[in-house]
Structure formats: C-alpha cells, structure tokens
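There are 6 protein chains.
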Amino acid sequence: MKISARNRLKGKIIEGTKGATTAHVRIDIGNGVIVTSSITNEAVDELGLTVGGNAYAVVKASDVMVAVD
Amino acid sequence: MKISARNRLKGKIIEGTKGATTAHVRIDIGNGVIVTSSITNEAVDELGLTVGGNAYAVVKASDVMVAVD
Amino acid sequence: MKISARNRLKGKIIEGTKGATTAHVRIDIGNGVIVTSSITNEAVDELGLTVGGNAYAVVKASDVMVAVD
Amino acid sequence: MKISARNRLKGKIIEGTKGATTAHVRIDIGNGVIVTSSITNEAVDELGLTVGGNAYAVVKASDVMVAVD
Amino acid sequence: MKISARNRLKGKIIEGTKGATTAHVRIDIGNGVIVTSSITNEAVDELGLTVGGNAYAVVKASDVMVAVD
Amino acid sequence: MKISARNRLKGKIIEGTKGATTAHVRIDIGNGVIVTSSITNEAVDELGLTVGGNAYAVVKASDVMVAVD
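Chains as they are written, first to last, in our numbering: chain A, 7 to 75; chain B, 7 to 75; chain C, 7 to 75; chain D, 7 to 75; chain E, 7 to 75; chain F, 7 to 75.
Keep in mind that the hints were calculated from the coordinates and are not lab data. Remember, it's a predicted structure, so these values are computed and weren't measured experimentally. Where hints are given, some of them may not hold.
Intra- or inter-copy, both count: the list cannot distinguish identical chains.
Derived EDC-like pairs (lysine to aspartate or glutamate); straight-line CA-CA distance at most 16 angstroms [what the hints assert, rightly or not]:
1) K8 - D34
2) K16 - E52
3) K16 - D34
4) K18 - D34
5) K24 - D75
6) K24 - E48
7) K24 - D51
So that you can see chain A by itself, here it is in the shape it has in the complex (with noise of 0.2 angstroms):
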C-alpha cells in the first residue's frame, strides 16, 4: 500500500508501551532522533510490533507545525 501521507520516517523501534487502550511506540530515525507515537493497542497487535524491530513513523503534511528558536 502506498500512501499520500509526506512523512515516512524509516526506524528501530526502541520502546513500546501499552496503555489500557493506547499504546506508545518510540522509533529510533537515526541521528540521535527519537519520535514518539500514540497509537490503538489494536494496531500495535496487527503489525505485531516489537522493541528492536524495523519500522516508519508515518505523519500526514497538515499535522506538522513549525517552529523556531
């Protein structure tokens, strides 16, 4: 599946923890940087998810900001 979705950053996930119906999954992008996403507990099952294996952070164009110092 291909999708619109301008943001595909390739990673390691380095921490996953579930909630009581929202997880959060911590990939590792390389350079020192670490995004963090809040997902369904549903969908961490489906990818079958685990710390140490490959994964993207995938965020849609219109859901990034800006910001400067």
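On the provided structure of chain A, position chains B, C, D, E and F as indicated by the hints.
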C-alpha cells in the same frame, strides 16, 4: 514557550511554497530525511520562515502513525 | 506497507480538484457514501491518483469523532 | 448543530471499550465497513453512546489520507 | 447533532478568506481571543458562513496541545 | 520557541487526570470557557503541569472545525 508535543525535529528549511491560503515548508532534519509541513501562509510570515533558516518540525504524538514493510 | 491507522475504506475516486498547494479527492466507498480527503497536490501526483481509479480513504482512529442526532 | 467536517458516516455502534481516560468506539457504517474511533471516556458518557445505538463517525477532510495498492 | 469533540467555543465570525480549495475562517470567541480555522471552501458554502454570523470553533481534545512559558 | 500553530489560548489549569498512557488536562481560558486537551502522561511530567498553573491550549488551524446552530 515549551510545548507538550513529543516530537520536535531540528533542521533547516530547504523549500517553502505559498499557495492561496496554505503553504508547504520542507525541513531537512539531517541524515537525508526531509519533513514536509503544511501550514498557513500567515504562520510563514509571522515566524519569518525563509529557505536556509533553522527550524523545527513539531508533531503531536497522537498524529504519528506506525507502519511496517 | 502496513499502517497502524485503523480505518482503511476501500473505494473508487470520483473527483479530484487541485488547488494552489492543496487538493481535494473524493472517494466513493460504496453504499452511497462519499469520503472527502484534503491532501497535498504532490501526493496526488506521486500516487498517480485519477478519477475512476481504486483507492482507500485512510484515517487514524484518534481523528474520528462520534456524533448522535 | 451543523459542522464543517466533510465526512459524516452514518451507522450503528457495535462495540465500545473504555480505558483509563480514552475509549474506543466501533461503528458499523454498512456494507461490511467498520470505523474505529478513539475519543474521551467523558464524550462516551455525555453522548450516552451504547452498543446498538445509531451514531455517525465524523472526520475532518484534512484528516483523511489516500492510499493505493 | 451532538458531537464527541470536547471543545465547542462559541463566537462570531470576523473574517473569512477563501483560497483555491482551502478557506481560513476567524472566530472571535470573546475576551479578546480569536480562533483561526482552516476548512474546505465547500464547508464555508454549505454552512453559509459569513462575517458577523454566530459560529462555534470545534476542536477534538486529542488535537489540543498544552504549552507553558 | 515560537510555533506556527495559529491558536494559543492563555489560561489556567483547573484539572489534570492521568490515565495509563494518556492524560486529560483542562484549561480555563477565561470568560467561562474550559478547553480540554488529551496529551501523553510524559508531556504532563516534562512540562511540570499542575492544577493552578498558567498554561496555553495550543491548536493548529487545520484542526479547528466550524459549526453553526
């Protein structure tokens, strides 16, 4: 201002395109990774965003999906 | 690519309108239901979206609200 | 109340799961299509959402991505 | 229609600007606070939004970040 | 840090509830208006959010819908 958004990816603006109301800004966050953001033209002006300037791509964790090959 | 987004609604593109930077794509998911998507012009080009083509409307669960009459 | 969100998919609630703060609600919009929504527990209570009740899945167009096989 | 979105801020439209596909609508919610919304041109037409009219700015709780100075 | 998000509503935290992974924070922005935010527990800790403290509710324009009665 410190913000709750979990993802603040530091980089340099490499492209900015204004549309009628909506602009696209591309930020090189290093390691060959480009992040595309869709924000208002007004925000581009207010922050004084210009190609070559330093900027962060900021994303709330609940807007990050995870994908696997 | 398998994505964590819980909602992948299969259908056929019935309309596509490009603006200056942002496009609107409408997908008929059957049963008389049309889903409207707002994505970048760039994504329309990259995915080669055209009227009559098959496509999925993809939505993260945290972007779905519930309403009652 | 009439809302600007372009997508209002009518259906019936088939499942509701409350977590500590966040609930998952699944709506059958017909034709074999189930939409999953992640909302606050508080909203579930306020709207009186129950399995078997009629409901709409509501999504803003800018939160809809497009994918192709 | 009652919606699950936790935030419905009542005000008056003070400005509306249509782009090629995307419109910006500004709502004065009182107390000197202006909220800016980016929606489709189509929604502006369907709701008949005009400067001076009453309107609500509606935001899902998961789209609200928190910041501190 | 200056951010592109168009909406930064100043107020005071009146309630905070942590779930397993996701917290709800309510901010009184004055004039009787309460804004509810759903963020990670981690963000609550990092920003040191506490009831009675000053805070902003921050929302990207593309996440604001408009509704009329």
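Here is what the structure says about each hint:
1. For the homomeric pair K8 and D34, neither the shortest alpha-carbon distance inside one copy (22 angstroms) nor that between copies (19 angstroms) is at most 16 angstroms.
2. Proximity of K16 and E52 under a CA criterion of 16 angstroms is satisfied in neither setting, with 19 angstroms inside one chain copy and 19 angstroms between copies.
3. With identical chains, the CA atoms of K16 and D34 are at most 16 angstroms apart both within one copy (8 angstroms) and between copies (15 angstroms).
4. When the C-alpha separation of K18 and D34 is checked against a cutoff of 16 angstroms, the pair qualifies only within one copy, where the shortest distance is 5 angstroms, while the shortest distance between copies is 20 angstroms.
5. Taking the shortest Cα distances, K24 and D75 never come within 16 angstroms of each other, neither inside one copy (34 angstroms) nor across copies (22 angstroms).
6. In this assembly of identical chains, the alpha carbons of K24 and E48 lie at most 16 angstroms apart whether taken from the same copy (10 angstroms) or from different copies (14 angstroms).
7. Within a single copy, K24 and D51 get their C-alpha atoms as close as 10 angstroms, which meets the 16 angstroms cut-off; across copies the closest is 18 angstroms, which misses it.
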